[in-house]
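Line order of the protein sequences matches chains A and B. Residue numbers for the first sequence follow the working numbering, beginning at 19 and rising by one. Residue numbers for the second sequence follow the working numbering, beginning at -3 and rising by one.
Just so you know, not all the hints are guaranteed correct.
Derived lysine-lysine pairs resembling DSSO-like cross-links, with alpha carbons at most 30 Å apart [what the hints assert, rightly or not]: (1) A:217 x A:237; (2) A:105 x A:237; (3) B:220 x A:79; (4) A:324 x B:220; (5) A:137 x A:79; (6) A:237 x A:137.
Just so you know, these hints were derived from the structure itself, not from any lab. Everything numeric in this text was worked out from a predicted model, so none of it was measured.
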Amino acid sequence: MQSMTETAQRRQTISKSSLSSIRRRENWLGWLFAAPAILGFVIFVFGPMIASLWLSMTDYKVASTPHFIGLENYRNLFNGTDAFFYKSLGVTLYYVILSVPLQIIVAFFLAILLNQKVKGLTFFRTAFYLPTIVPLIASSMVWLWLFDPDMGLLNVIMRALHLPESQWIYSETTVVPTLVLMSLWTVGGTMVIFLAGLKDIPDHYYEAIEIDGGNALHKLLYITIPLTSPTIFFNTIMGFIGGFQVFVQPYVMTQGGPNNGSLFYIFYLFREAFTFSNMGYACAIAWVLFIVIMLFTFLLFRTSQKWVYYEGEGR
Amino acid sequence: MTTSAFRWQRVLLYAVLIIGSLLCLFPFYWLLRSSMMDLAQIFEMPPKWIPEPFVWRNFIEPFEQLPFGRYFLNTLIIVVGTLIGTLLSSTIAAYSFSRMKWVGRDKVFAILLTSMMLPFAVTLIPTFIGWQSLGLINSYAPLIVPAFFGGGVFNIFLLRQFYMTLPRELDEAVFVDGGNHFTIFTRIILPLSRSAVLVIGLFTFLNTWNDFMGPLVYLNDESKFTLAIGLQQFQGMYTAQWGVLMAASLIIVLPAILLFVIFQRYLIEGIALTGIKG
């Protein structure tokens, strides 16, 4: 009797220890499988991030030893010593505030249209999505040609219709709105995400509104918008983050001009870093951008509690 | 709702959709048309819809004036290298983060996810200095090597979401048969997630093919340029040579469009997937 319990006990301890050895093995293997990604994070994200924060407090230029100068770079940015900083921040904010809501509205509107059981859905979806896969450098070329003030098609059409011509990207006042217009060409990506969100709304919600005698506007306000609000939220954040990082269009199409009218933030940063070799200063510029993006995201998250509806949470 | 009102609504709906999609497609048409015209035709007023005669020379010019063939090859090298790195490392990492149990797993993943919020500008300069100190500026290493270290958190995230939907019983069955995690990964998870892997491969291809800033920052020698950088060079040389410029642009656009047309079903499903969890 005693020996039996002993064997049973031993078996239990054996199985326990082998189980824990399996666990330990899995623990070790799990880290090993994830190691490249973790290393990548340390080498290419976390390390550079810390290095960038430190560099932003130095006067580092290429081929010189960095000297610690505290917050001087930041001071020079904010006290207006470098007029380009506020200019680029202004240009970028103007672009973001104009383009993000417009993109969301147009993409949402198109998605609602495509969700009405239309014939030829695949064709329309492809047509709207296609511009998003074009290399920005190539689409910049095409739009450069379309925007040409003398020979470009847009002004040719304006002339034919006896409408006032525009200088498009060649005038300080119209360059940002023109680039916003160009960005609307690629709302297809956002539209496809909205379309997926709309497809998830069960039909009986709409039927309930119909029974209560509601119309299309009621459906939009009380069903469609609340239920897709998480997607609207997601697309808004992605739009903001993308909008703050516009680079190719100013670099290729306008070189930041005319008269710094399209001095986008990343273009300004790139110029400081790689044209003027002010690496430390450029790092400070980058950190300000990071903080601005965090601030925007934080504010959006804060307000999201008021307008984003998550199912099963009951508001 | 009366039937006639309903019919008018449908007409309006289709009108908006047709006009909208034509507006989206129009730049493609204008690109194609202009790429086959010489300057005299391009500047003709009112503009012609169809080139007459077709000028094929525009497509030869980029290869004669600049080494566009070489650029094509360079771009392909970077794309293939990045693809291999991304697919290898993101699938393995996603497997570890979804189907293996280890201490601190979810915390580590949450930390990795934060890097999606970080603007690339913050890491750009120190990363550049790092590659510079290794003497690897003007090589493809800075453009390819990072792909082998995780292949992008976003890709890991997408794959992880997908792996988590696969039933656990599959793993247990393999363990009972004496298999290990490597067997599960290669024999079960990878074959079952072919469509998700395909989507990630497509996005990676397009992103690398379209990348402008990476090659701009890291490549100096003309012989190492990619198509995107080459096209920008070309624009500098041929201001207002719209026909040739459009032909050169078309050369870059075509592979992307071709890929999209072949795999569009997967791509659209994939992009929809990215938004759902938001």
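So, going through the hints one by one against the coordinates:
no., hint, in the structure
1, A:217 x A:237, "15 Å, holds"
2, A:105 x A:237, "43 Å, violated"
3, B:220 x A:79, "26 Å, holds"
4, A:324 x B:220, "52 Å, violated"
5, A:137 x A:79, "60 Å, violated"
6, A:237 x A:137, "22 Å, holds"
Hint violations for this structure: numbers 2, 4 and 5, all remaining hints satisfied.
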